[in-house]
Amino acid sequence: MKKTENFFEKTYEVARLIPFGKVTSYGAIATYLGTARSARMVGWAMNKAHDLEDVPAHRVVNRKGILTGKHHFDGTNLMQQLLENEGVVVVENQIQNFDKIFWNPMDEL
DNA sequence: GGATTGACGCTCC
DNA sequence: TGGAGCGCCAATC
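As numbered in my numbering, residues 7 to 115 make up the first sequence, in order.
These aren't lab readings, by the way, just hints derived from the structure by calculation.
Misleading hints may appear alongside valid ones.
Claimed, not checked - Pair ranges (Cβ atoms, derived): (1) Asp60 - Glu90: 20 to 26 Å; (2) Thr82 - Gly40: 33 to 39 Å; (3) Gln100 - Arg46: 16 to 22 Å.
Glycine residues also receive a C-beta, built at the ideal position from the N, C-alpha and C atoms.
Please build the complete structure, drawing on both the sequences and the hints.
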């Protein structure tokens, strides 16, 4: 738990640092954390992060820009609503212009 | 303690 | 070019 605590902490930290109207991918965070091959851990961390209200998990999507985790939110399209609220265009659970609004933690951090 | 799952990603066919 | 399968690390059952 101690060792993973850092992993969680970093994951949450990065998630919180995501600028308004920007999004990132699990893989990007995983890479930043040094666990690039374990993007699943980031997703899993987000699951726990969902328990925390401070982590904008809705800004984190998979490498394709698809809102794979939206099903885990309260509403069916709550995640999409949140993103659209930030100016992010989401169609069919997929973020449009993903390349443009993609926020790379390594580039900023 | 062992097996399965998971909000992913990459490689192989 | 498209689809399917395997691998990762940690947690839960």
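Which numbered hints does this structure break?
none
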